[in-house]
Amino acid sequence: MGQGSYQAADWVKLCARRGLKDTMRPETIFPTTGAQKSFNSRYIACREARDSIDSPQSTPVIIGFDVTASMGYLAKELALHTMHRTILSLLEDRPIRYPQILCAAVGDSRCDTAPLQVTQFEADIRIIEQMTSLYLEGGGGGNGGESYHLLWYFAAHHTATDHFEKRHKKGYLFTLGDDVCHQQLTAPEIKYTFGTAHPYGYANAELLSQAEERYHIFHIHIDTDRSFDDTCFTSWRSLLGGHALRIHRHDLSCLPQLLCSVIAINEGQDRNTVLKHMNQDIAERIAPSVALLTVTPTAAVTKTITF
444 MGQGSYQAAD
454 WVKLCARRGL
464 KDTMRPETIF
474 PTTGAQKSFN
484 SRYIACREAR
494 DSIDSPQSTP
504 VIIGFDVTAS
514 MGYLAKELAL
524 HTMHRTILSL
534 LEDRPIRYPQ
544 ILCAAVGDSR
554 CDTAPLQVTQ
564 FEADIRIIEQ
574 MTSLYLEGGG
584 GGNGGESYHL
594 LWYFAAHHTA
604 TDHFEKRHKK
614 GYLFTLGDDV
624 CHQQLTAPEI
634 KYTFGTAHPY
644 GYANAELLSQ
654 AEERYHIFHI
664 HIDTDRSFDD
674 TCFTSWRSLL
684 GGHALRIHRH
694 DLSCLPQLLC
704 SVIAINEGQD
714 RNTVLKHMNQ
724 DIAERIAPSV
734 ALLTVTPTAA
744 VTKTITF
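Numbering (the numbering used here), first residue to last: 444 to 750.
Worth flagging that the hints you see were computed from the coordinates, not collected in a lab.
A virtual CB, placed ideally from N, CA and C, is assigned to each residue, including glycine.
Treat the hints with care, since some could be wrong.
As the list claims (entries may be wrong) - Pairs of lysine to aspartate or glutamate, EDC-like flavour, derived with a Cα cap of 20 Å: (1) Lys612 with Asp494; (2) Lys719 with Glu535; (3) Lys613 with Asp494; (4) Lys456 with Glu572; (5) Lys609 with Asp465; (6) Lys612 with Glu491; (7) Lys719 with Asp694; (8) Lys613 with Glu656; (9) Lys634 with Glu649; (10) Lys609 with Asp497; (11) Lys464 with Glu572; (12) Lys613 with Glu655.
To be verified - Restraint ranges, calculated between C-beta atoms of paired labels, are given here: (13) Thr667 with Gly584: 31 to 41 Å; (14) Thr475 with Thr667: 18 to 28 Å; (15) Ala603 with Gly447: 12 to 22 Å; (16) His611 with Ile496: 17 to 27 Å; (17) Cys554 with Ala640: 12 to 22 Å; (18) Arg537 with His611: 37 to 47 Å.
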């Protein structure tokens with residue numbers, strides 16, 4: 444996978460063919476009524492991001508989004524705006540070389556029928572074509588969290604990338620959602636989600652350690668004016684430190700710039716310069732999120748944000 448290159452004209456054609464527009468409901472944009480076998484983690488041995496003529500130095504990027512409960516608005520924003528604009532920004536600003544993007548629908552392995560669905564790593568319009576073929580289960584069990592950590596397990600055990608194997612460099616993994624993460628992934632949940640027996644489960648710290656060997660891992664918490672938001676975000680900061688960020692639902696239109704800023708700053712670009720080179724209204728809206736970001740000293744120098 445990962446052949447071809449992304450063209451804005453292909454996005455226009457996809458919108459015209461599918462009739463995609465802002466007035467559509469999430470379930471119309473994502474019409475699938477059940478998880479397709481080709482995307483269901485239970486039937487996937489490995490997803491590969493490989494170099495090719497079109498992507499001679501491929502960089503894997505995984506973007507997982509919560510599809511439980513009322514999170515359809517997030518899936519809609521990703522499909523109609525975020526993914527297209529993120530890809531264009533990555534290609535234009537080039538904080539990384541030749542991005543190959545895998546999208547993932549994340550649910551709850553304790554109650555959902557398809558708690559994890561993953562597309563292929565792609566470099567062209569198939570990124571969005573496959574993403575909109577995922578199933579919005581809308582589950583979740585009101586059981587104290589969701590299973591974002593499934594994507595860490597998948598990245599660690601079910602992906603292979605030339606970026607790591609040839610160049611010994613990490614890709615990027617983002618999860619997006621409005622809840623906390625279950626504190627551990629049990630052996631029965633691994634069997635249920637990935638179809639393979641496992642003698643024991645993992646605490647989140649173990650899963651992160653495994654996935655962080657190959658990926659820079661971030662989580663973006665979405666605030667929705669609930670009293671629970673601060674508690675939820677505190678939980679993520681305890682888990683990921685400066686790789687846990689937050690954005691308000693009203694600012695989701697700025698999500699592409701936030702994603703690209705995180706990558707650019709982590710790759711060593713000065714955060715003031717990154718913000719000053721974008722629309723200043725957007726920069727001011729994401730600046731509080733960017734200020735929360737910390738990176739390793741070898742990746743970038745942390746500086747105070749000014750305008």
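How the hints compare with the structure:
Between Lys612 and Asp494, the direct Cα distance comes to roughly 14 Å. Compliance with the 20 Å bound is thereby established for this hinted pair. Among the hinted pairs, Lys719 with Glu535 is consistent with the structure: their alpha-carbon atoms are about 16 Å apart, no more than 20 Å. With a CA separation close to 15 Å, the supplied pair Lys613 and Asp494 stays within the 20 Å bound. With a C-alpha separation of about 11 Å, the suggested pair Lys456 and Glu572 falls inside the 20 Å cut-off, and the hint holds.
Among the hinted pairs, Lys609 with Asp465 is inconsistent with the structure: their alpha-carbon atoms are about 42 Å apart, more than 20 Å. For the proposed pair Lys612 and Glu491, the alpha carbon gap of about 15 Å is at most 20 Å, so the pair holds. Straight-line distance between C-alpha atoms of Lys719 and Asp694 comes to about 18 Å, which keeps the hinted pair within the 20 Å bound. Restraint check: the Cα-Cα separation between Lys613 and Glu656 comes to about 7 Å, which is no more than 20 Å; the hinted pair holds.
A threshold of 20 Å between alpha carbons decides the hint, and for Lys634 with Glu649 the separation of about 18 Å falls inside it, so the pair holds. With a CA separation close to 17 Å, the supplied pair Lys609 and Asp497 stays within the 20 Å bound. A threshold of 20 Å between alpha carbons decides the hint, and for Lys464 with Glu572 the separation of about 15 Å falls inside it, so the pair holds. A threshold of 20 Å between alpha carbons decides the hint, and for Lys613 with Glu655 the separation of about 8 Å falls inside it, so the pair holds.
Separated by about 19 Å at the C-beta atoms, Thr667 and Gly584 break the suggested range of 31 to 41 Å. Taking 18 to 28 Å as the suggested C-beta distance range, the pair Thr475 and Thr667 conforms, at roughly 25 Å. The hint said 12 to 22 Å for the Cβ distance between Ala603 and Gly447, and at roughly 20 Å that hint holds. A C-beta distance of roughly 23 Å is found between His611 and Ile496, which places it inside the suggested range of 17 to 27 Å.
The given range of 12 to 22 Å is respected by Cys554 and Ala640, whose C-beta atoms sit roughly 21 Å from each other. Between Arg537 and His611 the Cβ separation comes to about 21 Å, which falls outside the hinted range of 37 to 47 Å.
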